[in-house]
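Trainee: So the chains spell out like this:
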Amino acid sequence: MSTQLPTSNQNEAGEMVTTDGVPLRISLARARRRNRNRALLLVLPLFLFILVTFFIPITTMLFRSVENQLVGEMLHRTLPLLQQWDQNGGQLPGEEVYAALAEDFKEARENNTAGSVGRRLNYEESGFSSLFRVTNRRINKIEPPYQEAFIKINKDWGKLDTWRVLKRESRAYTPSYYLAAMDFGYSPAGSIQRNDDNNRIYLQLFGRTLWMSLLITVLCLVLAYPIAFLMSTLPVKSSNLLMILVLLPFWTSLLVRTSAWIALLQKEGVINDLLVWSGLIGDASRLTMIHNATGTIIAMTHVLLPFMVLPLYSVMKTIPPSYLRAARSLGASPTTAFIRVYMPNTVSGIGAGAILVFIISIGYYITPALVGGQSGTLISNFIAYHLSSSLNWGLAAALGTILLVAVFVLYIVYDKLVGVNNMKMG
Amino acid sequence: MAIPAHASTGERIWYYTFRVICGCIFFFLIAPIIVVIPLSFNAVPFFTFTEEMLSFDPAGYSIKWYQDFFTNRNWQGAVSNSFVIAIFATLISTTLGTIAALGLSRSEMPAKTLIMGVLISPMIVPVIIAAAGMFFFYSDIGLASTHFGVILAHAALGTPFVVITVTATLVGFDQSLIRAAATLGASPTVTFFKVIVPLITPGVISGALFAFVTSFDEVVVVQFVGSYQQRTIPWAMFSGLREQISPTILAVATLLVALSIIMLTTVELLRRRSDRIRGLS
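Listed in order, the protein sequences are those of chains A and B. Start counting the first sequence at 1; every next residue gets the next number (this note's numbering). Start counting the second sequence at 427; every next residue gets the next number (this note's numbering).
Hints listed in this document are in silico derivations from the structure and should not be mistaken for laboratory results. Check each hint, because a few of them may be wrong.
Below, a sample of chain A positions facing chain B; criterion: calculated Cβ distance under 10 Å [stated by the list, open to error]:
#1 Thr60
#2 Arg133
#3 Glu143
#4 Tyr411
#5 Val418
Treat the numbers as computed from the prediction; the structure is a model and nothing was measured. Glycine included, C-beta positions come from ideal geometry on N, C-alpha and C.
Using the sequences and the hints given, assemble the complete structure.
Mentor: Put into structure tokens, the structure is as follows:
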């Protein structure tokens, strides 16, 4: 009588089953898997969209910072032969190398590629651009013996250093853009060395970008802290009113704010006019506040201030005013109570705002481009210059990669500190 | 924070000093935006106040920069480009972003941090790097200098804002409502349109507004991916500020300030409505 029969929701093994006889464990796992796939399916379209329109373009662009196929493609006959050449032997490459060079140049003339290869090699050693241009122009009339003929076209073809550079840059991937981005380069003999003082610009530029971003972050913090504090202590009605003063700049076009600062800061602008009119400065000694670092710092602080106020305000709103009163009643002076009790509670807001402002400012482009002049431009402006004016795309990609790595590290810190999901907007 | 009756003189002085300091900071925030409005009615092509303007002489004021803006083909082309590009980019990013946010807010979603990181990346990556990457890639596939290319690029830049705002709306979303709808016999489609959509609409609209502003205010990517045929208002302002400075830029700026006031009001109203629906306030 006591033999236990399987009840309606248990099978022989004693497992719970659903009405259709499938063990509950399996059925649940199946449902969970189905839900997971459904969630993934919802995210998939956007994921693919971002991948194609954004992620792949950037990754392939960054790849340009090491890519070096150009030289190898044009000199595809010469460079394999050059590998056997002993660059420290003190001898020029043999006649067969020069013959291959003539073939390569003739082909390049048909495809019109010599110019871009010359420009590429000019980044390594100046003089290559004109060397390739001249050679390209006279290649059709060349006759053996080739070594003599090439040296007659340009005596650089008889220099060991020319061939050393060619041999070095025959590799498919090159670190030379990164070296250039760090103010290093190759000596003619092929060893890595620092550029001489006149050619060191990028480390200084990175330094300036970091320094100015830090200054802007600190200025934003100093300006945002009091007003966020005031708003968090006022009744909701008045703080909402003041919030409009923070949000209106936030929503106003960046170009509008930058044009406003140009109108205010330029030599014939509102602030200078005001100072001259009030007699504080003479008409001849108008202040230069724009097209330099000052202009960039003022305008960027204004643009980024809301990004500091909003996280600070949302943290300060949650601190009960009774904390300060408790500290006072325990004998702390107002200053001590504020520094020892209130400020430690706002650290998370300070961190969130500061990292956000810092991330945005190290990659900033538009405002420095318009009001930065010479001394107020940042790393982004140099990337843009190399992209659209100097056309040194490899160097632009190398500078961009370094900037991107910096931003990425900061982003991870931000994510750990605040969580991307808690990002507040508006 | 009213000043208490027992406050000492020092505290009273500090109380008022602090308010004055805060007033100055608010002035710094808002003054540059206010100052462009009167300057845009300048009768002479300067970026500053003239004697006539300061003495409120009607001769010192004119609306000719607005007339220039509304009649100049360069500006009008920019206006229509801006709206076409921003509207289509907003449609794409809002649709894809909302659907993705629905998936991301499900508790079963695997690898959430990684996926979120990729989806948010257009907001984090410095815009010049994005512009450079898109410039090469879109040229290779023949999308450079087309409206479609610029729209795709702007849509990518706008999606993080949609994902973030809609995910934020879904934080307070009660998942049992979906199950309740299902037990009452609603199909997933009906549940979506009758239950989910009304609840997330405020978040979707404010996300869409963010996406719209992102595209409408974007000036770097459009310069690299597009050509003169795709010039937008910010582009025209950017090149105007670099080349021939004309107060027409200030007239445009004033109109854009008016637009941003409208946007700000809309977002604020939506936020309140959303909080009310979700019972947060």
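Trainee: Next step is simple, just say for each hint if it's right about the structure.
Mentor: Hints and how they fare:
The interface hint given for A/Thr60 holds, since its Cβ lies 6 Å from the closest Cβ of chain B, which is under the 10 Å cut-off. Taken as an interface hint, A/Arg133 does not check out: its beta carbon lies about 26 Å from the nearest beta carbon of chain B, beyond 10 Å. Annotation: A/Glu143 was flagged as interfacial toward chain B, and the flag is violated, the nearest CB pair being 41 Å apart, outside 10 Å. For A/Tyr411, the suggested interface contact is upheld, since its CB lies about 5 Å from the closest CB of chain B, less than 10 Å.
Hint on A/Val418 is violated. Least Cβ distance to chain B is approximately 12 Å, over the 10 Å limit.
Hints 2, 3, 5 from the list above are not met by this structure, while the remaining hints are.
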